[in-house]
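J.: Chain by chain, the residues:
Number of protein chains: 2
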Amino acid sequence: MGHSLVPSDRVEGTPVHGHSGEKLGTIERLMLDKMSGTVAYAVVKSGGVFDTRYRYPLPWHTLRYNAARQCYDADLTLEELRSGPCELDDTFDWGDRSLAQARPHYWGV
Amino acid sequence: MGHSLVPSDRVEGTPVHGHSGEKLGTIERLMLDKMSGTVAYAVVKSGGVFDTRYRYPLPWHTLRYNAARQCYDADLTLEELRSGPCELDDTFDWGDRSLAQARPHYWGV
Numbered sequence: 136m137g138h139s140l141v142p143s144d145r146v147e148g149t150p151v152h153g154h155s156g157e158k159l160g161t162i163e164r165l166m167l168d169k170m171s172g173t174v175a176y177a178v179v180k181s182g183g184v185f186d187t188r189y190r191y192p193l194p195w196h197t198l199r200y201n202a203a204r205q206c207y208d209a210d211l212t213l214e215e216l217r218s219g220p221c222e223l224d225d226t227f228d229w230g231d232r233s234l235a236q237a238r239p240h241y242w243g244v
Numbered sequence: 136m137g138h139s140l141v142p143s144d145r146v147e148g149t150p151v152h153g154h155s156g157e158k159l160g161t162i163e164r165l166m167l168d169k170m171s172g173t174v175a176y177a178v179v180k181s182g183g184v185f186d187t188r189y190r191y192p193l194p195w196h197t198l199r200y201n202a203a204r205q206c207y208d209a210d211l212t213l214e215e216l217r218s219g220p221c222e223l224d225d226t227f228d229w230g231d232r233s234l235a236q237a238r239p240h241y242w243g244v
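If you read the sequences in order, they're chains A and B. FYI, the working numbering numbers position 92 of the first sequence as 227, with every residue one higher than the one before it. FYI, the working numbering numbers position 75 of the second sequence as 210, with every residue one higher than the one before it.
Just to be clear, a hint being listed does not mean it is correct.
As the list claims (entries may be wrong) - Derived coverage of chain B by chain A (criterion: at least 3 residues anywhere in the stretch with Cβ under 8 Å from a Cβ of chain A; other residues may be distant):
1) 168-179
2) 188-201
As the list claims (entries may be wrong) - Dumping the calculated DSBU-like pairs for lysine-lysine here, alpha-carbon to alpha-carbon at most 30 Å:
3) B:Lys169 to B:Lys180
4) A:Lys158 to B:Lys180
5) A:Lys169 to B:Lys169
6) B:Lys158 to A:Lys180
7) A:Lys180 to A:Lys158
8) A:Lys169 to A:Lys180
9) B:Lys158 to A:Lys169
10) B:Lys180 to B:Lys158
11) A:Lys158 to B:Lys169
It is worth saying that the hints were derived from the structure and are not from the lab. Here a beta-carbon is modelled for each residue, glycine too, at the ideal position from N, C-alpha and C.
All chains, full assembly: derive it from the sequences and hints.
T.: Put into C-alpha cells, the structure is as follows:
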C-alpha cells in the first residue's frame, strides 16, 4: 500500500477498465525494452465473438491503477480500443517494433 | 530474434548465471516503478539448504541476456549474491523501497 513499486506478476492478469468503467480486457503480459528495462506497452487480451481472443497493445502511461476496483483504468472506450491495432494469433511476435512504428498515433511512441 | 523488446512472462522463470557461469538462481518476478514503468530490480530465487528458497534483488542493469544459453548473465559470484540483501519469507513485500535505501551500494540506486 502506497509503495512505488509493483510486481510484474501482479500486473499480469489484472483487468483493464475503460472510460465509462466498462471492462476492456485483461493484461496478459508486459513488453519490456531489453536495454532500458522500461515497459513499452501492455498486451491487453479482450474477449471477442465465438470465444476468440483479441490482443491489443496499450502504452504503460495510458494505464492508471485503480486501487478501489483493483484494476487499471484507461481513458478510452471499447470502440476506441477495437479501432486500434490488434492481433488474433496467440503466437504473434509482439517484440516486433515495426508494428509500433506503423501506428505511432496509437502506440504513443 | 534481434528485437528490442521482451515479454515480462518470458523473463519470469529465466535462469541467472554468475561470473563463472554457475547458476545463481531463477528470476521469479520483476519489480516495476508504477509511475515510469521501469524495472527497479529482478527478484532472483535461489535454492538453499533444506529446500528453503532465498530471494535476492538484482538491478535490471546488472543482467545481460545470453541468447546462446537462454539465461541472464550477472557479473557477480554466488558468494557476492549471498552477501547481499536477501529474504526467506515468500510473503515479503518487495515493493518496500526503504529496503533499497538501506543498501544503496548493492541495489544500484
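J.: Does each hint hold? Answer for all of them.
T.: Now the hints, each set against the structure:
1. 168-179: Result for this restraint: holds, n = 9.
2. 188-201: holds (count 3)
3. B:Lys169 to B:Lys180: 23 Å, holds
4. A:Lys158 to B:Lys180: Distance ~34 Å between Lys158 (chain A) and Lys180 (chain B) Cα, so the pair is violated.
5. A:Lys169 to B:Lys169: Cα-Cα ~18 Å, so holds.
6. B:Lys158 to A:Lys180: 34 Å, violated
7. A:Lys180 to A:Lys158: With a Cα-Cα distance of about 11 Å, the restraint between Lys180 (chain A) and Lys158 (chain A) holds, given a limit of 30 Å.
8. A:Lys169 to A:Lys180: 23 Å, holds
9. B:Lys158 to A:Lys169: 21 Å, holds
10. B:Lys180 to B:Lys158: Cα-Cα ~11 Å, so holds.
11. A:Lys158 to B:Lys169: 21 Å, holds
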